[in-house]
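**Student:** Let chain Z serve as the given structure and place chain R on it in line with the hints.
In case you want the letters, here they are:
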Amino acid sequence: MTSTGIGAAVRRKEDHRFITGKGRYTDDINRPGQAHAYFLRSPHAHAKIKSLDVQGAKTKPGVLAILTGDDIATDKVGGLICGWMIHSKDGSPMKAGPHPALAQGKVRYVGDHVAVVIAETVGEAKDAAEAIKIEYEVLPAEVETASAQRQGAAVIHDVAPDNTVYRWHLGDKAKTDAAFAAAKHVTKIDLTNNRLAPNPMEPRAAIGEYDSGDGVFTLYTTSQNPHVARLVLSAFIGIAPEHKLRVVAPDVGGGFGSKIFIYAEETVCVWAAKKVGRPVKWTSDRTEAFLSDAHGRDHVTHAELATDENGKITALRARTIANLGGYLSTFSSSVPTYLYAPLLSGQYDIANIYCEVDGVYTNTTPVDAYRGAGRPEATFVVERLVEAAARELGQDPAKFRRKNYIKSFPHQTPVIMTYDAGDYAASLAKAMEIADYANIGKRKRESAKNGKLRGIGISSYIEACGIAPSQAVGSLGAGVGLWESAEVRVNPVGTVEVLTGSHSHGQGHETTFAQLVSERLGVPFENVAIIHGDTDKVQFGMGTYGSRSGAVGMSAIYKALDKVIEKGKKVAAYVLEASAGDIEFKDGKFTVKGTDKAADFGAIALQAYIAHKFSGQELEPGLKEGAFYDPTNFTFPAGVHICEVEVDPGTGSTRIERWTAVDDFGVVINPMIVEGQVHGGIAQGVGQALLEGVRYNADGQLVTASYMDYAMPRADDLPSFHVGMTVTPCPSNPLGVKGCGEAGAIAAPAAVINAITDAVGHEHVAMPATAETVWKACQRASQKLAAE
Amino acid sequence: MASVSMTINGKAVRANVEPRTLLVEFLREHQRLTGTHVGCDTSQCGACTIHMDGKGVKSCTVLALQCEGAQITTIEGLANGEELHPMQAAFRENHGLQCGYCTPGMIMAAIDIVKRKGHDLDEHVIREELEGNICRCTGYHNIVKSIAAGAKAMRGHAGLQQAAE
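Chains Z and R supply the protein sequences, listed in that same order.
When the letters of the first sequence are read in order and numbered with our numbering, they come out as residues 1 to 788.
When the letters of the second sequence are read in order and numbered with our numbering, they come out as residues 789 to 953.
So here's chain Z without its partners, still in its complex pose (with noise of 0.2 Å):
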């Protein structure tokens, strides 16, 4: 291993842009001439509009234009689509309503965008907005998850008169009731997958802009896939044909999903800004993104687990309610579906699965991918069960855990996926060794004797990851095909730029891919280059989500890589005077096989553009590849994390008082960086367990729309992590790489939970685990023990 190589903790070169303050956001650029958007929002969850009167407002200091669903219609400004079509069981294509930029004729969430004013500053389009007149037509909102489809329920889009977008389901449902009818025993629960705001810590923004003189129009926006953004605004929305429309995603300060969609507000900054003739730009403030960036989780899940005499797990069965929000947003139909229940199997061997889930309409902003989408969901489902199961069963969870664990490989579980490779029984031992797991007992007194209660608990996680190969989620209904691509410029002095369709918003690509070019070229690693997120640049890509920018972003890069490295040998086969089939390629260095004859990468890059030792007829002169890159199957990272907490049973306040996480995401790119990325995930999903959750009042209105009332994950909320890693490697990709973005958002609310239910008696405690709700808990375990 070289020092800037595979598997070297090297530091980052994006860093120092970042701590000297000259990252380039989008809010940071400002474009000449520039005017300012600002949009007017429903005040209620569910409305008519019956009339909407913006003359007088027109007329305000600084407004240059007013526009409403009126004129997103003239100009046939095309709606906001959903690019995952799922069918319900009965063969039936989703209910997707429509999703028009700005609304037409009715409001259906608080935030739902009525009208943009657009004026020299922000402030005057803000002043302005005060003057447009509505009248609303206040209609019954529905909020509830778990009720929206109830008879009698107001009807929030006619495409679907009963609130429900599809009726799903996966598995065979006969065979998983055999199983169950023949069980020894049934663990059956209920749960609550609370609604989370994403809340990158940048707030989306965008700036539109039109030149004339080409017709070609600009958005720079904060995107995690800015050419999957300029595909949607060309092929669907219309604003412009693809080679006339550059998306620019510059710095992006975190996305964790929210970023990936296409939303109304850059929809509407780059059509006005052929409208107004001038750029315009928005930036969301924090509460605009509470209520508009795509929330995640929500769902009402009853689950059950079959076991037969042995303690074998023989089935699984689960249904669930999942919210969508008030429309359909990019990915949103996917989420609960095949990014969520070909996961119910997680790491065990289990027979039969089923799963139903309804998707449903409410009157709340669209719930869409959120870090891990779908896989946290389905993990929280298996491991509270699995760790249920082995409670009722009297037996530790660890061993309940190991004797099911699926132990050979390539293995087939009854919902879609094929798990490559894995080792769970090794990461359950590393994580219980790091973890003191024997030493509990002696931990438990001790809490005890302070009065306090300690708890342990285990999740056993998994995931697939890459979101690809195309044909694949294509079969199951993906609109897109899910490959990445990569184009490697050697450039004649030996330097080298990757133009690469990932994007990087912190997850440090600039780094890591250099790595992978460093290691492959014998380059030095600050003679790479890595560009991404204009799509002027990169030629086409699908962007950064789903842990897949390693797994299949860098697969693209070294299959490029791969074809640079071809063409160097037949350059260097004449510049060293031998045949093409003679010539190797290590650490730098083309070599004649067998002799000392050798040129270095840089010398040959030269040989490649003055092209003086060959004819053009026989090689073409240059030096750059590109390749597409579509894998063969899903990656599945999988791990244990194990969180021990100590819960003060007369406030119920819970203190985590160790993490420990030990994780199988295959060969290792950066060790730092990917250490770093478990850290995120794992307060992502401590934040999930025990503070975040976006409430509405029955009104349908946002009551957690601030971070005086949305409880982030503070410093002094979470401890240090202990981490490790365990490695097999991915057969299904050229490196080796799984995936490591997603792993600790989707491992850690079950592991919160399970230690707190483990400390406080109980089984049943709702996330968030707040102080009231596990003082509860506590209380009712305490009357539970009386009554006994």
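Keep in mind that the hints were calculated from the coordinates and are not lab data.
Any given hint might turn out to be false.
[Unchecked claim] Cross-link-like lysine-lysine pairs, in silico, DSSO-like; alpha carbons within 27 Å at most:
| hint | chain 1 | residue 1 | chain 2 | residue 2 |
| --- | --- | --- | --- | --- |
| 1 | Z | K22 | R | K799 |
| 2 | R | K933 | Z | K430 |
| 3 | Z | K449 | R | K843 |
| 4 | R | K933 | Z | K133 |
| 5 | R | K933 | Z | K13 |
| 6 | Z | K22 | Z | K50 |
**Tutor:** Same frame as chain Z, now just chain R:
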């Protein structure tokens, strides 16, 4: 419009601003110092932390006009030419940042913590003191490490610190 003068990163600045202009707006929009970020509307997240007369201040809670005669240091003014401030270097060395958005505020707050609490900071103190700065990426683990290391490295860099103020 009202006139205000202050010193920003060692440079005298005079400007006419609307009275309602926040210091963070003045820095970002008028002075083009975009390293100072805005992450919330409620003075909770700390992404806009700067130093005003040597003290850590959230620049979203101060009007530009309140800074008459003040010495302001932003993230852009921390390094001494090419030489990073020890706290900046510590964040890079300890992977104390991911997306970089909260980072300027974190670094400015961290230096303020060292000034108030000294160079030997234990984890508990750092975590308590970071209550006013939110990070969504790192889980704070490496930020805590960075600040502990940066605090130690700042010992003996008093001259550099003063230069930066």
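**Student:** Hint by hint, say whether it matches the structure.
**Tutor:** We went through each hint and held it up to the structure:
Straight-line distance between C-alpha atoms of Z:K22 and R:K799 comes to about 18 Å, which keeps the hinted pair within the 27 Å bound. For the suggested pair R:K933 and Z:K430, the alpha carbons sit about 24 Å apart, so the restraint of at most 27 Å is met. With a C-alpha separation of about 44 Å, the suggested pairing of Z:K449 with R:K843 is violated against the 27 Å cut-off. Note on R:K933 and Z:K133: the hinted pairing is violated, with a Cα-Cα distance of about 54 Å set against a maximum of 27 Å.
The straight-line distance between the Cα atoms of R:K933 and Z:K13 is roughly 20 Å, inside the 27 Å bound, and the hint therefore holds. For the given pair, Z:K22 sits about 48 Å from Z:K50 by alpha-carbon distance, which is inconsistent with the 27 Å threshold.
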